[in-house]
Amino acid sequence: MAEEVTSTKKRCIGVDCPNEAGTLQCPTCLKIGKESSFCSQDCFKRSWSEHKAVHKTASTALYNPFPTFPFTGSLRPIYPLSPRRPVPDSIPHPNYARDGDPKYTYADRNKIRILDKDQQEGMRKVCRLSREVLDIAAREVKPGVTTDHIDEVVHKACIERNAYPSPLNYVNFPKSVCTSVNEVICHGIPDKRILLEGDIVNLDVSLYHNGFHGDLNETYYVGPLARSDPSSVRVVETARECLNEAIKLVKPGMAFRDPGGVIEKHAKSRGCSVIKTYCGHGVNALFHGAPSVPHYAKNKAVGVAKPGMTFTIEPMISLGTYKDKTWPDDWTSVTQDGSRTAQFEHTLLVTEDGVEVLTARMADSPGGPVAMPPEVKADGDADGKAGNSN
Amino acid sequence: MDLEEDGPPDLVDISGLNKPAPSPITTQMQDLGLSKVPLTIVTGYLGAGKTTLVNYILREQHGKRIAVILNEFGDSADIEKALTVTKDGQETQEWLELGNGCLCCSIKDSSVNAIESLMDRRGSFDYIMLETSGLADPGNLAPLFWVDDGLGSSIYLDGIVTLVDAKNILLSLDEPPVETPEHDNEQPGLHLTTAHLQISHADVIVINKCDSVAADQLSAVESRIRSINGLAKIHKTQYSQVSQLESFLLDLHAYDGIDNLDTASQGHSHLDPTISTLTIPLPTLSPSHLPHLESWLRSLLWDRILPPSPTNQPQTSPAPTTPALDIHRLKGRVLTTEGKQLMIQGVREVFEMVELDGRAEGKGKLVLIGKLGGMDLEILEGSLRGFLEG
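In the order they appear, the protein sequences are chains A and B. Quick note: the first sequence uses the UniProt record's numbering, first residue 1, plus one each step. Quick note: the second sequence uses the UniProt record's numbering, first residue 1, plus one each step.
Calculated from the structure, these hints are not laboratory results. On a predicted model such as this, the values are computed, not experimentally measured, just so you know. A hint or two may mislead.
[Stated by the list, open to error] With the Cβ distance kept under 10 Å, some of the chain B side facing chain A (calculated, not the full set): (1) Asn113; (2) Gly134; (3) Asn140; (4) Trp146; (5) Gly150; (6) Arg298; (7) Asp357; (8) Asp376.
Ideal Cβ positions, reconstructed from N, Cα and C, are used throughout, including at glycine.
Pulled out of the complex, with its shape left as it was, chain A reads as follows:
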């Protein structure tokens, strides 16, 4: 399905050139994401006066901004990004909205806040709004839609709710939602990439409303092909189950080092691995604060859950390696072997005797668990590129 670099013979696009094209391409076209193969520099030179017109018409064309970057899978960034979407001044902005700097202090990073009843109510409200926005965005997930369209939908839905989309300009993140497709672990930037039948995509939505942040994400199947692909279902459902298993632990007295063991054990039992670079975090008046909640076993995380604390758990699960690599956009995190990953996240409130899932699904929330399709006789399709191989 998805574009794969094939070795089928191409014609040289030089004027009246009968030759086959080699691997030589016009650098300008390469920069703007257009394919133009020539047989030789001579032919290119001969065709230049006509060829360069292509560059003019392609000035609004799509392009890969990092043509020489060694991508780990088949996904590419597709630019240009749409212009920054404005947020009306009437909506309260978080402190980083202007300069991108959340200005965390030592205490922000190390002291776990305990919220009083009013603050907990503030969290309840923003988390419910965040869930509404995620559900609205998820209903747009279908083949043929760009991730930038999802961003537009999320942005508008935030503003309609008198909320600032927390990711926008957080440490200079350019968009209002993270859209992470296939091998993208997290922090994918919405762009002109079209969702394809067979993709899986994570939408990570965060809102800032009345002084509090809500934060959640889910991974969705794009079209029936994804839903029937055993590897994709295995990684998505394993991630969903890992989060559910971890939430079962949460109550006063739970150490923040504990969920990682449960998550890693469950992931391994399904032949998956746990991404270690990114962790769950405190969320309240700060977008990200103490505690850190690692998703892997044998960590040294500090702190114990107490009533009134709010934090996220958000395991990222991979079909292949746990090792990550960041694109030159400084955000998009992908698996080093290009295998697919999935993630789920809730914002949780520790109550007197357990946990309240502040971002819980509603009766009509799109997505939700899918039964494992009958495994096509174990022929080692565990390389995570299932969507591309059929």
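Knowing the structure of chain A, use the given hints to seat chain B on it.
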């Protein structure tokens, strides 16, 4: 902007561009655990001889590839981007690529990532030395470099070396306290100076410029340091020259071994009113005791209170009268009734308890270094025993 009138540029050969990342070679090497590089933190007041010591090590270890990183403010965010790599007496400057580092959701400190990526690009080092400013609190830096095993980092924290100037150290210890926001100075009269912090966290203390003081003053200096930190190895030198480097200044394995837990003096010395070292003997524990020991340590390190034993817990609020506790460094050996041996390591709030291979040797004990708030061995041991039995 438009250079196209100048004629056609050179074509680009794309056959090499779309290959997957070449990084697997280095990552495989990390997987084999071939070469984890030790990182030593060097602290001490301005003028104590840090730079002389670092230069001495560079000279004595010629032929080794040693990276020296300067840290101006004692906070890793401010680690200077340039570092010096020395090999065969040749110095070269390298640049650390500190990413935008979404501080909170990435669990590894950006400076650790930067050092790792430098080693990926430029080859590994034999040693890394982090030379801090005179006012650095090493307790803030150590947890950043004491990377969780699960993260598979290519560097590890080897230990902290503190230089003190024999002539000035007693004055420094009696200075009025500096304002450190993360330390609540709730007990007036107990002066916690930067000199205290640098000594209490040290694994090795080099008393430098010994020739500048008389023998009786030198022994007063040594006694005072010993009373603060009874665990660290002490070297007395002139001109920062230490006769043997391996396992004295380098290859300390202070965070992955517990070879020497013998403290200089038994019990509790009152030579320094602020910080002291205390050794608590540990009985052989049954596996069911271990969670109790862990909760006791959590209470001590995270809540900074001496926990009442669970059996006779007063129903009123939890131990409001516990004097200010602040443990800087923790080391211990636990022997179990099954003949196993566990290592306890801690710095500030971060601690771990891990099983060691091999036969159990020696006696079980816990060594605490920090602000003990006037509590003596009897109180601490009583609390621990009550807790273990409860």
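Evaluation of the provided hints:
Below 10 Å, beta-carbon pairs count as interface contacts, and asparagine 113 of chain B has one with chain A at about 9 Å; its hint therefore holds. At a threshold of 10 Å, the smallest CB-CB gap from glycine 134 of chain B to chain A is about 19 Å, leaving the interface hint violated. This hint holds: asparagine 140 of chain B has a C-beta 8 Å from the nearest C-beta of chain A, less than the 10 Å allowed. The criterion of a C-beta within 10 Å of any C-beta in chain A is met by tryptophan 146 of chain B, whose closest approach is roughly 8 Å, and the hint holds.
Satisfaction of the interface hint for glycine 150 of chain B is found here, the shortest Cβ-Cβ separation to chain A being roughly 4 Å, below the 10 Å cut-off. Interface hint status for arginine 298 of chain B: upheld, as the beta-carbon distance to the closest one in chain A is roughly 6 Å, under 10 Å. Interface restraint check for aspartate 357 of chain B: the shortest CB-CB distance to chain A comes to about 15 Å, outside 10 Å, so the restraint is violated. Hint status for aspartate 376 of chain B: violated, given a least beta-carbon distance of 27 Å to chain A, over 10 Å.
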